[in-house]
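Order-wise, the sequence lines are chains A and B. Taking the working numbering, I'd label the letters of the first sequence as residues 1 to 284. Taking the working numbering, I'd label the letters of the second sequence as residues 1 to 152.
FYI, nobody ran anything at the bench for these hints, they're computed from the structure. Careful: at least some of the hints might be erroneous.
What the hints assert, rightly or not - On the chain B side, residues computed to face chain A include the following (Cβ under 10 angstroms):
| id | residue |
| --- | --- |
| 1 | N62 |
| 2 | L64 |
| 3 | H78 |
| 4 | E80 |
| 5 | M126 |
| 6 | S133 |
All C-beta atoms in this analysis are idealised placements derived from N, C-alpha and C, irrespective of residue type, glycine included.
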Amino acid sequence: MIGSNLLRVASIASIATFAFGTTAANAQSLVINDEETMIIQAPAAAHLENMDEVFSGWNFRTVETQALQMDDFDNPGMIFVDQAIDQWDTVDGAAGESCGSCHEGGTAEFAGLRTVLPRWDEDAGGIQSMADYINECRTERMQAEAWTWSSSKMTAMTALIGLESRGMPVDVVIDGPAADAWELGKEIYYTRVGQLDMSCANCHEDNYDTMIRADHLSQGQINGFPSYRLKNAKLNSTHARFKGCMKNIRAKPFGEGSDEFRALELYVASRGNGLSVEGTSVRN
Amino acid sequence: MKRTAFLIIGATAAFAAMATAGTTTPDDVTFDDYGAVSASLTGVAGDAANGRKLFANRKLGNCLACHQNNDYLEQSFHGEVGPSLDGAGDRWNEAELRGLVSNAKNTFEGTIMPAFYRTSGFYRNMEKFDGKSILSAQDVEDIVAYLLTLTE
Chain A
1 MIGSNLLRVA SIASIATFAF GTTAANAQSL VINDEETMII QAPAAAHLEN MDEVFSGWNF
61 RTVETQALQM DDFDNPGMIF VDQAIDQWDT VDGAAGESCG SCHEGGTAEF AGLRTVLPRW
121 DEDAGGIQSM ADYINECRTE RMQAEAWTWS SSKMTAMTAL IGLESRGMPV DVVIDGPAAD
181 AWELGKEIYY TRVGQLDMSC ANCHEDNYDT MIRADHLSQG QINGFPSYRL KNAKLNSTHA
241 RFKGCMKNIR AKPFGEGSDE FRALELYVAS RGNGLSVEGT SVRN
Chain B
1 MKRTAFLIIG ATAAFAAMAT AGTTTPDDVT FDDYGAVSAS LTGVAGDAAN GRKLFANRKL
61 GNCLACHQNN DYLEQSFHGE VGPSLDGAGD RWNEAELRGL VSNAKNTFEG TIMPAFYRTS
121 GFYRNMEKFD GKSILSAQDV EDIVAYLLTL TE
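Please take these sequences and the hints and turn them into a complete structure.
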């Protein structure tokens, strides 16, 4: 056993060299449209006991995938943002309103909003995500149908609103009335689940920056969401991503829009406090 | 067509019955203090060639996802989460390897490596995997036989 621990150390050392090589080959900084610089590496928030630094998932992607996010014309996620711009002025529901008819300042009204979500909301009496606010307007103010979390209209609208905060650091509040949900999210993050019996932390904290088969493991940050994935050629919500990771370890996922996933979203967001909102990121 | 299908099903059933007869169930596997399992899970010698296939099968062993292995250079993208398995057959004996594959948590406390022959103690397991182990007892024996061939 002692012998194999030594081996383990030796193998970590060789992984580190290899990983450093990989990172060095990739682009070093994320500047979008040659003018907006994203914070892709930041000192870890004080509550993160096991990590010194946090990294955007962008760091771990191939040079080709990274490049797609560096110019809005190349970013395939922007097609959906265009669709949301059209949706913004579309009248929908019995009240005969569009988003634009009330929010007269346009989406610019929402600058900074994405950085603080999800957050505790006194009126709702719980944690609210971007999708909750959009649906509140749709159902209560427009008398229109709610959009499901991963519907193309919802992910596109969250992308459009998120873009107004692009470059701003994530800054979610974890104490006060949000504390209980944050603790629940943390517990979910560290609990082993499924037949493969793994927790989020096993992959995204203990083993980030190593290869798991063909995937370069990141810290599983959500500063880039909604995220365009080359794998399914659409925008993906945070909750859909959580669901996908749980299914991969053969665990019964929580529902999209469930209190558990809202809590997990708050906790994971807080692990990325300090990283830029990336608007619509591109991942594989 | 029909007749052949029937024969095959018959043969599989007979084989399954045979294999079950001397099989230790996951909950009955005895691990020693270091996580080793000395008794064969089936009493049937492991088939290293089949074990080699299981090693890379994504739905079964999927060992390559986490381990580098120079005996598998025909496939790219070897994982780095665990140590390289080159020479694993020199470092570990059969009982230790059987324990490692069945439930590595008895050898390495808190490891990320899944327990491949275990059916209880899971949380939020997907229904379709309830009461099932990732590998069958004979699969474990086959992989152990394969790992023993990884010598340097």
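Here is what the structure says about each hint:
no.: 1; hint: N62; result: holds (8 angstroms)
no.: 2; hint: L64; result: holds (7 angstroms)
no.: 3; hint: H78; result: holds (8 angstroms)
no.: 4; hint: E80; result: holds (4 angstroms)
no.: 5; hint: M126; result: holds (5 angstroms)
no.: 6; hint: S133; result: holds (8 angstroms)
Hint compliance for this structure: no hint is broken.
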